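Build the full structure now, drawing on both the sequences and the hints.
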Amino acid sequence: MVSAGELLLLAGLVLAAAATGGFYQTNHLVTAPQTTQFLEIGSNFKATCMIVNTTEVTADDLYWKLSETTVSKELYTKLNESAISVTVPVTSVQSEWLFCRAKKGKSPYVFLNTGKFMYGVLLKKGYPPGKPENVFCVAVQEKTTISSTFRCDWATVGRQTSDVPTKYTLNVVVIHIRNYSVSTEGTHAQVEFVDTYPHFMTLEIWVEAHNMLGKIESERITQDANSFVKTNPPSDIKVISEKYFPTSPLMNWTQPINKSYGKLKYEIRFCTSGSPNWTYVPKGDIATDIQSFRLQSLQPYTEYITQVRCQLGHWSDWSGTTMKTAEDRPTSKPDLWRTIAEVDGKNERRVQFISKDPVFANGRIITFDIKIQEQKNDNLQWDTILVNGSESSDGQRVITVLKDMLLADLRPVRLCVTANNSVGTSPMASLFISAKGREDSPVKGLKVWSAEGKLWLQWTPPNGPDLSEYVVEWVSGEQTDWQRENKNTRLTAIKGNLEGFVRYTVSVYSIYSGRIGKPASKEAYLKEGAPLEGPVVRLNDKPGRNEAELGWVEIPLHRQRGFIVNYTINYTGGGETHEVTVPGNTVSYTLKSLSSNTKYDTWINASTVRGSAQSSTHSFTTLKYAPGEVESIVVGVSLGFMFVVLMTMLLCLYKKDVIKENLWPRIPDPGESTIGNWSPDYPLKAETLKENCLSGISVLDVDVCDGKSVFEEDKACLPLKKDKYLSEEHSSGIGGSSCMSSPRQSVSDSDEGSDMADTTASTVQYSSVVASNGYKGQTPNPHPQQAVFSRSESTQPLLDSEENPDMVIQESSRQSQRFKQENPAEIHLLEMDQQQQEGGVESLGFCPRDEESEQTKPSEGQSAASSYMSQREGYRPQ
Amino acid sequence: MNGHVKSMHFQRFMETATTLLSLLLVMAFDSSRTVAASRNQQCGDSVQKSLKLSRLLQKESVDLIKTYKASQGEMSELFCKVSVNNVPDPNISGLEPSEKIASIYTHLQEFFPHFEWVYEQQTDLQLPTSPLLSDLRRFTAGSRNLAYLIKPFYQSLFPNVPLPERGPTTLPPPQNIFQQKVYGCVVLKTFKELLSNVSRELRSLKSQVCRRRTHTNTLF
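In order, the protein sequences belong to chains A and B.
Residues in the first sequence are numbered consecutively from 1, following my numbering.
Residues in the second sequence are numbered consecutively from 879, following my numbering.
One or more hints might be untrue.
Claimed, not checked - Simulated pairs of lysine to any residue, SDA-like, Cα-Cα distance not exceeding 25 angstroms:
1. B:K937 / A:E142
2. B:K1029 / A:I175
3. B:K1070 / A:E142
4. A:K263 / B:R1022
5. A:K131 / A:T169
6. A:K259 / B:K944
7. B:K944 / A:T144
What the hints assert, rightly or not - Selected chain A positions facing chain B (in silico; Cβ < 10 angstroms):
8. T196
9. P198
10. Q223
11. N226
12. K259
Calculated directly from the structure, the hints in this document are not laboratory data.
Computed from a predicted structure; not experimentally measured.
Glycine residues also receive a C-beta, built at the ideal position from the N, C-alpha and C atoms.
Rendered as structure tokens:
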């Protein structure tokens, strides 16, 4: 259905089109409205599109596009064959174009003249203006008058868009005189009154907010112009503290503006220096248009900040000054306390009485009067203690040491104290110290914790009677401080200036009518942190083979910054790192299962709840052997050796006869020997020898060259050439054998022999066969005859063989071995036979000494040669 | 018996009617008192504001004269002791409050052209930055404001009596500098005197006019 209004709109469009025929000569579509539209977000917008001066398209060929989106046909309304309308919701904030377009495919004309079949309207969106609120106007003082500049501020309400900005107009009407108006896009504006501020005139003020979607006014303010005046604060403020009115100083000031502008109201406040809490003088107590006021109920000798402000319209800023009230007599007791230290070795206590100025000292405390009163011997004399007069800079009361004294453990004492300032004396305070061990019961269940930057304490009261108050004491190093709490207190916070990271010993003393009870104490930190340093690590003893005992020195208290909850011991060695955590009260730990002969690095982390600190690294090397291990080995070996020796000795003792018989065989005494004569049982065959120096020498297993004997008995023999005797080839003879053998070699060789007795016999020259022509100086028969051999039956070694042992050691070994295997006499004889068969006696070997003997006694050698031959023949039958 | 009953009913009706009438009278009286109080308060506020402004101007006139003297150079004290013709009369005329208020308004109006003239003269005599010029402008504006306050006050009090129009202003003939300085000082001093008279008259008018209006309303 097409409404009558829409038809009227169409008619209007047609008329408009006719009136602007030039435009429609180029465009065949036109919309209503035609120009930019400002729309309220959330509303609906209706537009109509009409076909003008063409029959190429109809309303059915038209469509709408909103920006790049084709509007759904459900929102279209066909008015007639040449007009169509659309209703679109206004949602987004961004401005958009709404186009009416015709379908291109209708005809070639439309296709070729697309621009003529399109018409758009720009939609700008926004919100209607909000009502300005909180309009606040002010005219400030300028020198001695009020400025004619009148400034107003207000708050905006509602939203704005950049397409539809809101402007504000400040309207100020001086009733019956003049209107002022100024526009702005901000939230404040100012008007300039002509020539002067309209004092005592009535102003009407309002702010109008307006934009393309509407306008709205704020509430109208109709007030006297002076109600918008903000004067300067009062000036030249002085506070006079009078001696006789220490609690009521007089405050003076100068009005900021002449009172002909109006009566000024005042407001006064004050507080002690550093306090954030102001005390306001009741407004009813302050008259208007005054320039002085007497403050009341201030504390004497206290620094105050006093401030005042005035009001003609708006309140001025505050202005003020700092003053100190006059002194007055102390009105409260001095805060008396004591510290007690034990004295070593004596039954005494060192008591120090200390005091803070009275809470209401009302002046500077100059002196303390003290009286020490012992129970049975009252001392009624008052002593005066001068006070240095220094005041604490941090607002804390100064502690004055009143008295130091030694007090017997079993002796109680009472101290009475008054404090004096320049005006008067305070009430008396007293403190009673009981005999040691007789203090009343302490509070129970004391808890101390840190919260909100304070140390809090909670306790359960003791059962004792006459409880009057509590004293909370906190000690850090040499510093002691305390505060008093009334007897009903169960929970309190320490009011002193505590420092973080400092350990405090907090004690609660119950006070029984001046008598101090036993304390309950706890240690606490206001704030904990990581230690500043780690503990000093060392070894308590030398490291062992598999263990080492670590010890460490506690971190100095002021560097702990918290309770040490545990120590973490780290040690690394042999490529492995180990970690052990021990409780915070531990000061040593034994590392076990260490590797021997290994270097270990160890360090300790001391931890609080807030962090930890690491010690420096300490290195040590474990031992290769455990202590005593070496000693055990040495002792064991020694014992074993001693056992062996002992056993050997015992063996020797028990088997000495056997040993003696084996080691020292019984040797016949040569002195007891007799010479026997025997004749060989076969005829000797005379042999022609080139050299027969060996005649008369027969050696049975002779290891030592009995050169002497040879020299003495047979030195005429051995006419052999020297070179022959030195030759190896010739040493295989009997003479060589006898010369080169040694007794030592023979003894060693004897081990391999089958018969110990025989072997032993072979090592010593206990027998000799001599030529029959003589024995030891006996002159042999110089004539050739049948050889007669003499044999000694003695087992005594020949002593001469020991005189030159070195000369015969090397050469004798071979010959000695032969004697081990066979009967030496037979071997010699067999060899001699063999040598004779091969070439005569030239191959016989002789020692050089024998050679010398031969050279010096050549004549004797000849006789010896004959003896030798006889020996051979004569020996065989044995 | 019936007649007695009827009489009793009528008597009760009369009592009720009397009570209601009395109540209405009390309400009407109270209402009139409220309206009268409101009007009286408006009257008092207007007079009070005018009085305060006149006092402020009076104080400012003292300051202004000091400033004026200070800015005129030597012999400034002498300037203000010389009498000058053509300066409006500071005295308020009339016997009735309306006449007095009208006189106040008229006298204030009469001074404004002289202020303008003095300002122009001093503009030629002083540097543009002279505080005298700004003080003169401020004082003139404040004086106009006083006149603006008096006028609605008068019109509210005497709506049927129009304020008399300001008569022709006679400004002084061309003057030399000395005459200008004397003239300016005399104008300021005279106006200060006028303000003093205005304050006094307003104080008396406040008690007279506003109370009388209260009585008038009460009688209605």
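Status of each hint after checking the structure:
Proposed proximity of B:K937 and A:E142 is supported: the alpha carbons are some 17 angstroms apart, at most 25 angstroms. Only pairs whose Cα atoms come within 25 angstroms are accepted, and B:K1029 paired with A:I175 is accepted, the gap being roughly 12 angstroms. A distance of roughly 24 angstroms separates the Cα atoms of B:K1070 and A:E142; the hinted pair therefore holds under the 25 angstroms criterion. Of the pairs offered as hints, the one joining A:K263 and B:R1022 holds, with about 23 angstroms between alpha carbons and a cut-off of 25 angstroms not exceeded.
Restraint check for A:K131 and A:T169: satisfied, since their Cα atoms lie roughly 12 angstroms apart, inside the 25 angstroms limit. Using a Cα cut-off of 25 angstroms, the hinted pair A:K259 and B:K944 holds, with the two alpha carbons roughly 19 angstroms apart. Of the pairs offered as hints, the one joining B:K944 and A:T144 holds, with about 15 angstroms between alpha carbons and a cut-off of 25 angstroms not exceeded. Look at A:T196: its Cβ gets to within about 4 angstroms of chain B, closer than 10 angstroms, so that hint holds up.
With a least beta-carbon distance of about 6 angstroms to chain B, the hint placing A:P198 at the interface is held under the 10 angstroms criterion. Interface hint status for A:Q223: violated, as the beta-carbon distance to the closest one in chain B is roughly 12 angstroms, over 10 angstroms. Taking 10 angstroms as the C-beta contact cut-off toward chain B, the hint placing A:N226 at the interface holds, the least distance being around 9 angstroms. Annotation: interface hint on A:K259 holds; nearest CB of chain B at approximately 9 angstroms, less than 10 angstroms.
Going down the numbered hints, you'll see the structure goes against just number 10.
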